[in-house]
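Listed here are the chains, written in short residue letters.
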Amino acid sequence: MELESKIEGLLFYKGEDVSVKKLAELFKVSTDEVEQALTKLEQSLVGRGLVLVRKDDSVIMGINGELGPLIESIRKDEIAKELSKASLDTLSIILYKNGISRSEIDYIRGVNSSFILRNLLVRGLIEKIIDEKDSRRILYRPTFETLSYMGVTSIDKLPNYVEVKSQLENVINLNQNSND
Amino acid sequence: MELESKIEGLLFYKGEDVSVKKLAELFKVSTDEVEQALTKLEQSLVGRGLVLVRKDDSVIMGINGELGPLIESIRKDEIAKELSKASLDTLSIILYKNGISRSEIDYIRGVNSSFILRNLLVRGLIEKIIDEKDSRRILYRPTFETLSYMGVTSIDKLPNYVEVKSQLENVINLNQNSND
Amino acid sequence: MPEEKTKSTYVVKAGSFEGPLELLLSLIEERKLFVNEISLAEVTNDYIAYVRSLSEDDSNKSIAGVSYFILIAATLILIKSKSLLPSLNLTEEEEGNITDLEHRLKLYQIIKTASVDIQNNFGVSIIFSPTERTWTEPLFSPDPKINTTTVFESISDVFANLPKPVEKLPEVEVKKIINIDEVINNLTDRIQTAMNVSFKDFSKSQGAENEQEVKVHVIVSFLAMLELVREGIIDVIQNSDFADIEMKKQDI
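Chains as they are written, first to last, in the numbering used here: chain A, 60 to 239; chain B, 60 to 239; chain C, -10 to 241.
Note that these hints are calculated values from the structure, not bench results.
Please read these numbers as outputs of a predicted model, since none were measured by experiment.
A hint or two may mislead.
Stated by the list, open to error - Okay, the calculated beta carbon distance ranges per label pair:
{"id": "1", "chain 1": "B", "residue 1": "106", "chain 2": "C", "residue 2": "15", "range": "29 to 39 Å"}
{"id": "2", "chain 1": "B", "residue 1": "210", "chain 2": "A", "residue 2": "106", "range": "47 to 57 Å"}
{"id": "3", "chain 1": "B", "residue 1": "190", "chain 2": "A", "residue 2": "216", "range": "47 to 57 Å"}
{"id": "4", "chain 1": "B", "residue 1": "221", "chain 2": "C", "residue 2": "15", "range": "43 to 53 Å"}
{"id": "5", "chain 1": "C", "residue 1": "129", "chain 2": "B", "residue 2": "189", "range": "29 to 39 Å"}
{"id": "6", "chain 1": "B", "residue 1": "207", "chain 2": "C", "residue 2": "146", "range": "18 to 28 Å"}
{"id": "7", "chain 1": "C", "residue 1": "109", "chain 2": "B", "residue 2": "207", "range": "44 to 54 Å"}
{"id": "8", "chain 1": "C", "residue 1": "142", "chain 2": "B", "residue 2": "80", "range": "50 to 60 Å"}
{"id": "9", "chain 1": "B", "residue 1": "115", "chain 2": "A", "residue 2": "196", "range": "21 to 31 Å"}
{"id": "10", "chain 1": "C", "residue 1": "129", "chain 2": "A", "residue 2": "137", "range": "24 to 34 Å"}
{"id": "11", "chain 1": "C", "residue 1": "146", "chain 2": "A", "residue 2": "173", "range": "32 to 42 Å"}
{"id": "12", "chain 1": "A", "residue 1": "105", "chain 2": "C", "residue 2": "35", "range": "21 to 31 Å"}
{"id": "13", "chain 1": "A", "residue 1": "136", "chain 2": "B", "residue 2": "116", "range": "53 to 63 Å"}
{"id": "14", "chain 1": "B", "residue 1": "189", "chain 2": "C", "residue 2": "148", "range": "20 to 30 Å"}
As the list claims (entries may be wrong) - Chain B stretches covered by chain A per the calculated footprint, using a threshold of three residues with CB under 8 Å from any CB of chain A:
{"id": "15", "segment": "91 to 99"}
{"id": "16", "segment": "199 to 210"}
Claimed, not checked - Not everything, but these chain A residues come out facing chain C in the computed CB check (under 10 Å):
{"id": "17", "residue": "78"}
{"id": "18", "residue": "79"}
{"id": "19", "residue": "83"}
{"id": "20", "residue": "84"}
{"id": "21", "residue": "86"}
{"id": "22", "residue": "119"}
{"id": "23", "residue": "138"}
{"id": "24", "residue": "147"}
{"id": "25", "residue": "150"}
{"id": "26", "residue": "169"}
{"id": "27", "residue": "204"}
{"id": "28", "residue": "230"}
{"id": "29", "residue": "233"}
Just so you know, even glycine gets a beta-carbon here, dropped at the ideal spot from N, CA and C.
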């Protein structure tokens, strides 16, 4: 059996996200080989009922978003879809600036965001990570759950992702230059 | 999306056997059409990580038998692993509250707990029950084995049971009130 | 959710804004302007009117909520002063605050525009993953860590990590700090009795009790002063850079 098929089976079993590193360990191959296999798997799933969702260095198997409404209709529990204005602002900032501290979020929003952040954490829409550059700093980033809700298989598939990202970077760079 | 892909997605979601009749109803097609789609799906899965298993008039999606040994070893790893602090915290909440929903656990912990709950379920430390007051709500409670393992004959023998329980209930009520 | 509670503190008749930047942005976008100093100066009066309605509204009990608006108002006032009083020299820090506000507003505008797409797509075609599904029958696999002592320790940790309820200042105090009209009235009275009154003395005289309060006082007093300048009641004289601003009753 090809590596991509083995990965497919494993992701199916796990039902949760698995890191590329972990996959390499499990199948005793290099991370490059895993990456290649994931690309092949992604291609073979085009037009099918399953999709591969990728975020950071992890991957999870999900059900094609086209089936979302059908699955919702057969689920027993209600899905919370409403986002308050504050939650929407904060979530958008975190989505487009994947990995951002609370003070940076407060800076952009002009208000304290701790309540909203806790709320988004509880809903599983964001998660905390430790800043690699400064272990005392906590950063927030979107979860697989958020990508799922947005119906995209990776962050860069968010609407106008590239444009928004470059707009943000332009403004940030402009400000840095004027501060010099 | 083709019918066979829709069925694939649905079976992946369900993770249990679904009857041909039920599939026909869900997708608003005839059972003949479902049968044809299933045949196509079977063919497209040849050599892949997933297989379609048919029994009587039902069908279920499973993992290719070739991956059996691998899955078994992963499962062993999963259950032999040391319990994380987050898991122990979650277990303690479930022990003291004995019958608590996921959203309540999430609220108390301030983070989303789905993966942790899955792990506790796999390890047989907790189990799901249906809320008697609301059949659409799923509650978690400790298994009988967990209690005997801890050497407590009943939940109220846990240290400071009465205080902890009422404190937990206060927190949960606080959350409910603020939702009103 | 606590979220809803914080939100309600900003709600006023004019519509609800999550924070000062959202309010500013909507004032600028209403006029179809770009984010820059000129447009910020233009919306300052409306912004102040909103902040005033915030402080008058009895349902606004959260000093923290209102103070966010007032802090941004301070920078806005600086921008407005620059356009009203060309002789007014701003410190480097103040100039910095102005570019900073512009910068924040531009970032927020990008996010706000992008968030429309997020809103429209959220939950429409969800990619489900059966996260809570377990494939095989559970196999009881305890960990030696599970015992009555550790479980009690864990639950105590859980309680310790619960969010602390937000401390609220007594209502009386909130009113004392935030009533901008009262400040304007006081100012007018003092102008009428004395020909010259120092801005520094004036903002001090309002009986602030701590540093945060002083800051809010200075801002509110400054707002009030500018309001009077705008209405042509007083003249403002600043003798040199960083010097205290003198206020004088205008001869009518």
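| Restraint check, 10 Å cut-off on beta carbons, for residue 204 of chain A near chain C | holds, 9 Å
| field | Outcome of range test on Cβ distance (residue 106 of chain B, residue 15 of chain C; 29 to 39 Å) | value | violated, 57 Å
| query | Given a hinted range of 21 to 31 Å, is it respected by the beta-carbon distance of residue 115 of chain B and residue 196 of chain A? | reply | Roughly 58 Å apart at Cβ, these two residues miss the hinted range, so it is violated.
| If you look at each residue in the segment 91 to 99 of chain B, do at least three have a Cβ nearer than 8 Å to any Cβ of chain A? | violated (count 0)
| Okay, residue 221 of chain B versus residue 15 of chain C on CB: inside 43 to 53 Å? | holds, 52 Å
| Whether the CB-CB distance between residue 129 of chain C and residue 137 of chain A falls inside 24 to 34 Å | holds, 32 Å
| Close enough to count: is the Cβ of residue 233 of chain A nearer than 10 Å to one in chain C? | holds, 8 Å
| 8 Å C-beta criterion, at least three residues: is the segment 199 to 210 of chain B covered by chain A | With 0 residues in contact (Cβ-Cβ under 8 Å with chain A), the coverage given for the segment 199 to 210 of chain B is violated.
| query | Minimum Cβ distance from residue 147 of chain A to chain C below 10 Å? | reply | This interface hint holds because 5 Å falls under the 10 Å limit.
| request: Starting from the range 50 to 60 Å, see whether the pair residue 142 of chain C and residue 80 of chain B falls in it by beta-carbon distance. | output: holds, 53 Å
| request: Would you settle whether the hint for residue 230 of chain A is holds or violated, based on the nearest Cβ-Cβ distance to chain C being less than 10 Å? | output: Cβ of residue 230 of chain A sits 5 Å from chain C, so the hint holds.
| query | At a threshold of 10 Å, is the proposed contact between residue 86 of chain A and chain C supported by beta-carbon distances? | reply | Result: violated, 19 Å to nearest chain C Cβ.
Of the numbered hints listed earlier, those contradicted by the structure are 1, 3, 5, 9, 11, 12, 13, 15, 16, 17, 18, 19, 20 and 21.
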